[in-house]
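Heads up: the protein sequence lines correspond to chains A and B, in order.
For the record, in the first sequence the residue sitting at position 195 is 195 according to my numbering, with numbers rising by one throughout.
For my numbering, count along the second sequence from 1 and bump the result up by 271.
Don't take each hint at face value.
To be verified - Within a straight-line C-alpha distance of at most 27 Å, the following computed DSSO-like cross-link-like pairs (lysine-lysine) qualify:
{"no.": "1", "chain 1": "B", "residue 1": "K508", "chain 2": "B", "residue 2": "K447"}
{"no.": "2", "chain 1": "A", "residue 1": "K151", "chain 2": "B", "residue 2": "K352"}
{"no.": "3", "chain 1": "A", "residue 1": "K151", "chain 2": "B", "residue 2": "K353"}
{"no.": "4", "chain 1": "B", "residue 1": "K302", "chain 2": "B", "residue 2": "K508"}
{"no.": "5", "chain 1": "B", "residue 1": "K302", "chain 2": "B", "residue 2": "K352"}
{"no.": "6", "chain 1": "B", "residue 1": "K447", "chain 2": "B", "residue 2": "K526"}
Hint data in this document are derived by calculation from the structure and do not stem from the laboratory.
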Amino acid sequence: MKPSKIMIHHYLLNAVRRMGINALDVCAGFGRASWFLVQSLTWGKGFKAPFSRLVFQVYQQGVLSLPIILVAGLFVGMVLALQGYHILVGYGSQEAVGQMVALSILREFGPVVSALLFAGRAGSALTAEIGLMKTTEQLSAMEIMGVDPLKRIMAPRLWGGIICLPLLNLMFCVLGIYGGALVAVDMLGIYEGSYWANMQGSVEFYDDIVKGVIKSLVFALVVTWIAIFHGWNAHPTSQGISTATTATVVQASLAILALDFVLTAVMLGGF
Amino acid sequence: MDNYVELKNVTFRRDGRLIFDDISLQIPKGKITSILGPSGTGKTTLLGLITGQLSPEFGDVMVDGLSVPNLSRQALFELRKKLSLLFQSGALFTDMSVFENVAFALREHTNLPEHMIRDLVLLRLENVGLRGAGQLMPSQLSGGMARRVALARSIILDPELIMYDEPFTGQDPVSKGVLVTLIRSLNADLSLTSVLVSHDVEEALSISDQVYVLSHGQVIASGTPQQLRDSEDKELKQFLFGLPDGPVSFHFPAKPLVEEVLV
Chain A
1 MKPSKIMIHH YLLNAVRRMG INALDVCAGF GRASWFLVQS LTWGKGFKAP FSRLVFQVYQ
61 QGVLSLPIIL VAGLFVGMVL ALQGYHILVG YGSQEAVGQM VALSILREFG PVVSALLFAG
121 RAGSALTAEI GLMKTTEQLS AMEIMGVDPL KRIMAPRLWG GIICLPLLNL MFCVLGIYGG
181 ALVAVDMLGI YEGSYWANMQ GSVEFYDDIV KGVIKSLVFA LVVTWIAIFH GWNAHPTSQG
241 ISTATTATVV QASLAILALD FVLTAVMLGG F
Chain B
272 MDNYVELKNV TFRRDGRLIF DDISLQIPKG KITSILGPSG TGKTTLLGLI TGQLSPEFGD
332 VMVDGLSVPN LSRQALFELR KKLSLLFQSG ALFTDMSVFE NVAFALREHT NLPEHMIRDL
392 VLLRLENVGL RGAGQLMPSQ LSGGMARRVA LARSIILDPE LIMYDEPFTG QDPVSKGVLV
452 TLIRSLNADL SLTSVLVSHD VEEALSISDQ VYVLSHGQVI ASGTPQQLRD SEDKELKQFL
512 FGLPDGPVSF HFPAKPLVEE VLV
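Using the sequences plus the hints, can you model the full thing?
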């Protein structure tokens, strides 16, 4: 049977209505997440107790992420040196491998890879922890006792992430550059003086190091925000926590890659 | 009579489903009021409305003279310092010991010295018979013990209103008896207003001054326990005496069995 004009009209109207509802849902979700961020950026009265909670979060998110960050940094640096050497040797510029490793790690690999690893390790743990607290009514219990969970639970976690990731990024970079030296100097026989001198001559403190840390700060805010919001917003079931944890890793990873492009373009003056 | 909580013509929907349809009820100061009703009638939702975790679609919820849905976030948190809720699950903080769970609100809301916090916590744990369990973690407690720790935690700040959400569910007879005694003695000793949400009819009636029975989003009966026992209302009788036949059907609406299975 051929669909009548009225049926097509209804179908199109429904499609537009669904699009409208979805768009409104997205706007409402973004509004909720923004309100949540503003509330979580400040914490309540006093200094001593919130500070000790912050220190605990720096330990949980930062210190416990060190092994994966350091090992990953070392291997990324080693691979970069190996690949760089084999490309540069064709042009007789293998002495520039130190410069190549340092610039790639400081500008891109350090901030991006450390943020991706942070999202996978600390971000997913944050979502699962907060989601489980919600499922077992611990957040509700806190609310009923007149304690705002956004200040008590979310704020230290958010600030913990903002403090930790830039530091983890710097450590990733140090290990990456050291890993590059291990391969380039010790394995491939590049003169040690040129490896370090080329690097020293080309790396600018503001353009390379500070801008990398700025990227890292932005990634830290976004990753931790996504992680704690998904935990807060999780359906209080085991499947709800699993879905929220997956959403954290997927959304945070995509946000890091998209923001990296935007920040790089802005920093290089591309816009 | 002076009321601590008043629900005025409250209508509430969840995911489009009507939970309360224009209900009104009053919870008098200093008394134990039970909210009874079959599972799924929104008894716990009612507590959510009183604590401001949920907002009604229509109507008003007054607690201690304040309109809860119209309070700012800060004012709501201030009001909640006077309220307390014993969760069905206990909702203990799993990363804290029993002692720290009970001390939590004191540490958050007061600047008392450590020795005074210790004394207050031990006194509250003594009230619930768990003074010796202060160093245990929640994972080491039985269900009944966890409920008692949660009770100690909920009275640590001497609240004006305490709400119990299904306190007897899953408790053995001894724990049930202990909880009944505790609720009664706490209400008398601390001059609390208590709201007890339950479907354990006998225990609830034995300690209540006033009872409301909810069903299908409405208050179907209210009065003293004796008035309810004497009532001739069929739906109320079915619920109070646990009768399988009556206005409330045991079966969820479905096609006839013969039609569904044999055809």
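Each hint tested on the structure:
1. B:K508 to B:K447: The hint holds at about 24 Å.
2. A:K151 to B:K352: With Cα atoms ~16 Å apart, K151 of chain A and K352 of chain B stay inside 27 Å; holds.
3. A:K151 to B:K353: The hint holds at about 20 Å.
4. B:K302 to B:K508: holds, 24 Å
5. B:K302 to B:K352: holds, 20 Å
6. B:K447 to B:K526: violated, 40 Å
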